[in-house]
Amino acid sequence: MNAAHSTELDALFGNYPLDQAFDEMRRRDGELRPQYRALAETLAGLPADELHRRKQSADLSFLTQGITFTVYGRDEGTERIFPYDLLPRIVTAQEWERIEKGLTQRITALNLFLRDVYSDAKILADHVIPRDLVYSCKHYRRPMKGLQVPRNVYVGVVGSDLLRLNTGEFVVLEDNLRVPSGVSYMLTNRRVMKRTFPQLFNSYGVRPVEHYPQLLLATLRSLAPEGRPEPNIVLLTPGVFNSAYFEHTYLARQMGIDLVEGRDLVTHDNIVYMRTTDGLKRVDVIYRRVDDDFSDPLIFRSDSSLGCAGLFNAYRAGNVTVSNAFGTGLADDKAIYAYVPRMIKYYLDEDPILNNVETFLLGEDKERRHVLANLDKLVVKAVGESGGYGMLIGPHSTAKQREEFARAIEANPRNYIAQPTLDFSRAPCFIGDKLEPRHVDLRPYILYGDKINIVPGGLTRVALERGSLVVNSSQGGGSKDTWVLDS
Amino acid sequence: MLSRVADSLYWMSRYLERAENTVRQLDVTMNLMLDTGPDQLEARWLRMVAGLGKQVGMVWNGSLEDMAYNMVFDSSEPASVIYCVNGARENARQVREEISTEQWQRLNRLFHHINSPQAQDQFRADASELMASIVDGMYLFKGTTDTTMIHGQGWQFIRLGRYLERAYATATLLEVNQPQLFQPSADERSEYSYLELVGLLRSCTSFEAYCQVYTADLSPDRVLEFLLLNRDFPHAIRYCIDGAHEATDAIQRSGGRRSPDELTASIGRLHAMLGFTSIREVLHGDPAAFLHAIREQCLHIHELIYRHYVQYSIQSALAV
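So the sequences go chain by chain: A and B. Position one of the first sequence corresponds to residue 1 (the numbering used here), numbered consecutively onward. Position one of the second sequence corresponds to residue 488 (the numbering used here), numbered consecutively onward.
Keep in mind that the hints were calculated from the coordinates and are not lab data. Positions of the beta carbon are idealized from the N, C-alpha and C atoms, including for glycine.
Under 10 Å between C-beta atoms, here's a sample of chain A residues computed to sit facing chain B:
1) Leu251
2) Asp258
3) Asp264
Derived Cβ-Cβ restraints for the label pairs, each shown as a range:
4) A/Asn202 with B/Thr635: 21 to 31 Å
5) B/Asp748 with A/Phe294: 35 to 45 Å
6) A/Phe294 with B/Ser803: 20 to 30 Å
7) B/Lys541 with A/Arg407: 57 to 67 Å
8) A/Leu46 with B/Arg740: 51 to 61 Å
9) A/Thr42 with B/Ile801: 54 to 64 Å
If you want the footprint, here are the derived chain A segments under chain B, 3+ residues with CB under 8 Å:
10) 56 to 65
11) 271 to 285
Take the sequences, apply the hints, and build the full model.
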């Protein structure tokens, strides 16, 4: 890098703080990490307002493409673009190799766990996981017991959230085994990125992610009921008011399959049909983006009209595949999470490649006492919640919030877990006209059909508020493109 | 294709056609009202509202600019342009996977354009220009639809919606305006009725096309003949019904498991009626009743489309 560039880079960085947290771009001494050097040079070489211009053009492109999500609790139909940061997050080939192996191992074990619990429940009989922890989970689905699932695959699509600790190590914060979302942002971010920095992208040797829809389709096809060689595959969405509706339409279009709502489906003699202009057409595989609770009013919540009455019985009869299976939320329960390393050992006889975050189970007296005494240092989460709801972040909380949580924990300890407040990694983001560090996580998407496939990269989510640790889009998070390098 | 999707495409198309019709009539009326005496303003405005098929709403408040502004931007008013554009976009959003990305982007841009504060400023500054830009957005969408979408069932439902809406709108416009055309009140001077005739043609973008067929010699009979029975002009009712007829035919051929006998008969009857009627016969009888009958039949066809393709009973479908 020449001297002129380095002054411009200094101007861009301003007083960019570096401390004990891992910075994705720079080492603690301020030196750039090697994989970020070319990016930094490009940034330094751009005229001051050029970044701004590119950012605006990217934002506009998101808006006209309708890449928006719906914010709950506001006027119906409030649409926002998902905030997007121009700078990519770069993952080296070595780092990725470890992530890929670790996730493959982890998802294999989780799937075996689901199969076990919903059949013989050996892991419970062997006292590796406490029985009551499983049966008290609100996502445990008794109707799934003894049901034969195609290829024994319960989780066709998984999105696991990874963090990088200040040692540089990636750890798993949680697994999303129900209806993980966000993959459309991974795909559109990449498209916008290629338009924003074409030469840079080209020179980097980034592994592609664009084939994800094709892989997803192949995965769904491999799970079709036997005897249906040309399966009719559909994507079931809760409808236009769901926050991830854009994603549902995007994936359906990219895969060339029909996007159906519950009201499009009918069941007759345990066969699922969709209403078409040419009469009823049989449905073989449903990629389900509707939660268990809302999927079938006859089995689950009877007040829901988002799903299809009779769907579960058709599923039980083996006439239709639903992916992910019902009841998979059991394995992403935040209390069960604490046992995943033991599951890996139990089913695969291996040591976990990716570690968990240290987790306190509040059902155990000793751990609960420790947590209650240290609420101001810990993060407390409700086990069945996702999307950053039902959370207490100790260091950022008020005494009143802590008191409320303490009371809720005492009332129902099974419902909460606690974890240390993690100083997870930060990456530079383009904020105003400077680079500032923001906390980031990484959600890779894992597809499980006849084998496990992970597209290199995933969605890097960014906590856009300075110092914030919450990256969820529903809580003001944004995203970045993630570049996994070839070599 | 899914029934719900067909329904949304059909309505997306109808809404856009309706918005376009409203913009055009509004533009023409505002222009005509420059030549209208102050005591006639309200009557002229009400005639336009009636020509848009609205019985209620849009009560005259004395200020043309205000009224026109509401007609474009009042999203709580179902007759307004913005309401129709929002409706079209909402329908498109529900079938986002069925239409092409290019189509969606055009429509989405139109939606953001008309919903932006700049559009309102622009309207205050130069209403005609703003309305022209909205119509441009619609033309772009239609062109994109024809060039980027598979010409399968979905496209045919879009055509069906467009032509039924347009036939209905033109029939309504003619029905409301025909008393003025044939019995100009005594105090109306002839240049006014000339302007009115030009306005009527412009409301259907057909002034230039008319001149090509009949020269600029405007007469009420010929105007009615042109807008009602011309075979080649896309805003003439006959052309629209021919189009709708083709579209239902194509839809039926692409499915083929169940045949919509009643629908085929109804649209075939209207198609034949317009194809084998001369303007002399219409004028000799009761033109208002003739136009009214066309509207009634359009409504009936709409119902049959629903009954056959969208809201059929499961028993009837399983029986096939």
